[in-house]
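Top to bottom, those sequences are chains D and H. Each step along the first sequence adds one to the number in our numbering, with nothing skipped, and position 20 is 20. Each step along the second sequence adds one to the number in our numbering, with nothing skipped, and position 783 is 783.
Don't read these hints as lab results, they were simulated from the structure. All values derive from a computational prediction rather than experimental measurement. Glycine included, each C-beta is placed from N, C-alpha and C at the ideal position. Each hint can be trusted.
These stretches of chain H come out as covered by chain D in the derived footprint (C-beta under 8 Å, 3 or more residues):
1) 244 to 254
2) 697 to 711
3) 842 to 855
One-sided and incomplete, this derived list gives chain D residues near chain H with beta-carbon spacing under 7 Å:
4) Met-1
5) Met-2
6) Leu-3
7) Pro-30
8) Asp-35
9) Trp-38
10) Trp-65
11) His-75
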Amino acid sequence: MMLITCPFCGKRNESEFIHGGPVGAVRPDPNAVSDEEWVEYLTVTPNPLGPVQEKWWHARGCGEWFTIWRDTRTHDIVEAPDGTK
Amino acid sequence: MAQSNRRAAGGRIDRNRPVRFTFNGKSFEGFEGDTLASALLANGVRVTARSFKYHRPRGIMGHGPEEPATLVELDGEDASGNCPVTTVPLRDGLSARSVNCWPSPDFDLGGINQLFARFIPAGFYYKTFKWPNWHLFEPSIRKAAGLAAAPSAPPAQGHFEARNAHADVLIAGAGPAGLQAALDAGRAGKRVFLADEGTEAGGSLLSRNLTVGGRAAMDWVADTVAELSKMENVIHLQNATVWAYREHNLMIVNERAPDQNSILERSWRVRADEVVIATGATERALVFGDNDRPGVMLASSVQAYVNRWGVTPGKHAVLFTNNNSVYEVAVDMIAAGIAVEAILDSRNEVPQAALDLVSGVTVHTGTVIGGVRGRKSVRGVRAVPKTGGSGVWIDCELLACSGGWSPTVHLWSQSRSTLRFDDDLAAFCPDQPKQACRAVGAAAGNLTLDQIIEGGEDLSYGIEPMWRVDVSGQRGKAFLDVQNDVAVSDVHLALREGYDNVEHVKRYTTGGMGIDQGKTGNINIIGTVAMQKGLPLQEVGTTTFRSPYTPVSFGAIGGLRENWGLFPYRHTPVTQWNKDNGAVMYEAGARWRRPGYFPKAGEGLQEAVNRECQAVRTGVGVYDGSPLGTFELKGRDVPRFLDFIYSNIMSSLKPGDGRYGLMLSEDGLILDDGVAFRLDENRWLISTSTGHADAVNQHMEKLLQTEFPDWQVMITTVTSQWNNATICGPKAREVLQAVGSDIDLAPEAFPFMSFREGTVAGFPARVVRVSFTGELSYEVNVAPRHMAALWDKVMEVGAPFGILPVGSESSHVLRVEKGFLSLGHEVDGTVDAYDLGMGWAMSNKKPDYLGKRSVELRRSGGGTRRELVGILADDPNRQIPEGAPLTPGGRKEATDGLVTACVWSVVHNRWVGLALLEDGHARQGETAHVRLKDDVIPVTVTKPVFHDPEGKLLRS
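Excised from the complex, chain D in its bound form (with noise of 0.2 Å):
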């Protein structure tokens, strides 16, 4: 079980929190879209080995939705590639 910080409550076990799967890609403009991009947007979430940007749900807690970066071999959290938050 990981231990996730919540930003308001701190670390606390996975089991308060609820996965909110990766962060995908943007909505778009459902009426500017091919019908391709539109279920490309719908169905094709980032999967990679590594680091991922994902959802989560402080919702044993406080309630708060927040990202982290997780990478999918180890369950370490780690920081944003990029070095952005």
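Got chain D sorted already, so can you dock chain H onto it with the hints?
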């Protein structure tokens, strides 16, 4: 009766407290402090088990969790299958049986397998039982090969529990290294969690006669434990195994028999800043023909029985080694009166310090075992020069072996930390940590006491590895994994057949897959592979170490979750009234307890439901709608937020008005349906279905926080802040007037789909005109503290109108008659609004809302869709099972629909149903066919509404 192999004195047992137990039906006596294994050896029991596959006779080989040979099944209140005999503490009345044998390990009918041994090598089952289907053979093979069965019932007394803890340092193992680490950390003021799998602290010192600073090592242990017990910052548990190393230093500890009597086992989840792995080392078996005969034991185990339990496992012994550790064992054996006939050492040279310990004992250097005599017990061994030759037979009944020592790196490896093969120690040792952990003591490769604690005295190690005896003329199977009956020949076969990765070898041969997880034998498998392939061991590598390190009972893992105690029901203030009035209570989603129906004396379900429905259709009924999910939304951006999450337009509503709407998910499927009311400019109330309230709340929160963080929308869950009595039926208005309200109830002043605030029966109330029954309906919301009084008032005032309480069964009938959908029935994750005939709810004006594009995309492909229709069987008295399939012409073909609901309509006095049917909208008036297992029911397809299709009644 007598404990023939018990020493006259000594051992860490209480000779004043004899303990009686039975093994395979025979009665024995041992002492408090014994394990089942030490007590059996004390009583001279030799054959304690039969092997897994070949049913060879087996004895006890080890003294701890490494035991590969004997598993027992415990009976009675200890009921548990497959316990290593060496880890069962002896207790008065204990009853145990061997596994893998019938009728007894001494006379086992399954032993016939030994005759066929050469026909059942590794992979035999995979190759043989392929046709027509493995599952055909599986049950009988499992029965023949299987271990003990799971207990048939939970423990009669006591319970399991789980506990969380935090520590600066968790130390796994209370041997010399672990105790020293605990002492250092404890003195430094750190929060220490020290857990050890043994019943007593001391680890290997418990069974060895070593000294620290000139005093007995166990005195040092006692002093250390005493000092730790005085430290408030130290938790010290014995009989508690650290069995899993999880992410981010979460350790799971299984504490058996904690002090509290009512607790059987406790599962600790400990999050530690640092983990110290002081798990010691495990002695390895040596591999030679018939190395599994009863009487063949690990040398360290013989030493443990002699010293710790005061037991001599045999009278005439031979020792066989490739390192120095057995010389000190021999000293202790001689002191216990065991005749050491010879020490066979595979090394050509033995250090003088070792030889000096055993002056007078014959030591054969450069010698290995070329054969073993005896079947149910060792009777002699053949000492052969490792260069070959015929050798000499030496009579003995005990053979103590040491193949060297493997650091117990299980936890280290579970943490993903790496291993390196150390050529000097001939062992895999901890290399680079991947989490905040370090290994100390023998687990780190410091195999002698002088390396671990200051003043400790020990003989040097001096191993020359020997993964298997490799001399010609050997007979009998040479076992690498005694528990799973995996011999050298099986590994050679696996390699010949191409399974040459060590993970493949493991799976093909099952070597290391037993309950002992190959603690004594895996290294020899790796060594055998290395020898065969001519590779260094580092390149062959180990198989992956996974938790649990030793078996953990399911009870401990389940903890308090054995019952429903942590998952309570939700009640409304009317629950007690419902029960007092004879309601049959159901769970109605989201753990809400609701009345199903209110039968009168002698009445069945259908009669009660008909009566309740009749009341709503012709008079008045009332139900408790409190569990319906309700949320108040406030803020400037609520209108555009609702426009985004509902498929229809909500922003155009005027204060006091409401609208029914559908919520879609981004992939165009229906998430929920409900109504939204505008209370004032920036305040809204929305309702969701009972079972989906949480999901809808999460859906909204996620959108607001992740997609629209700058929108001003605040969500408050008010499901339990407002309770409601929903009065429904043609006489609802009269009843509400009689209850008393300051709200103008005239239809034009308070029309359908509007909201008014005021008082009802003197209580502050929010009254909403919505209808889930199709009748005139007032949902009267009051504070929970007023709900019971309101309910009583409604029932009292409504009595002259014939008011009846309505349960969820009747609600179902009423909504089906009206064709109102129910999530989970008509909405199943494939249908969209158009399929349900609700295209009007899909706004054409809004350029975008959640799910719009996906619904368009899905429908643009054309093709037939399953659409909601009503169905009427030709026979009005024919009930159609909900969920039954419809097939073209009723033929045995792929279905073209399914029945989603079927109820007895009080309006039509017949069964009416709803169904999802391919092209259903175009097939109205036609006949479709419900196909049952033995029957076909022709049905007429109708519109999915059987009552008041124009909706005049609910607007009245």
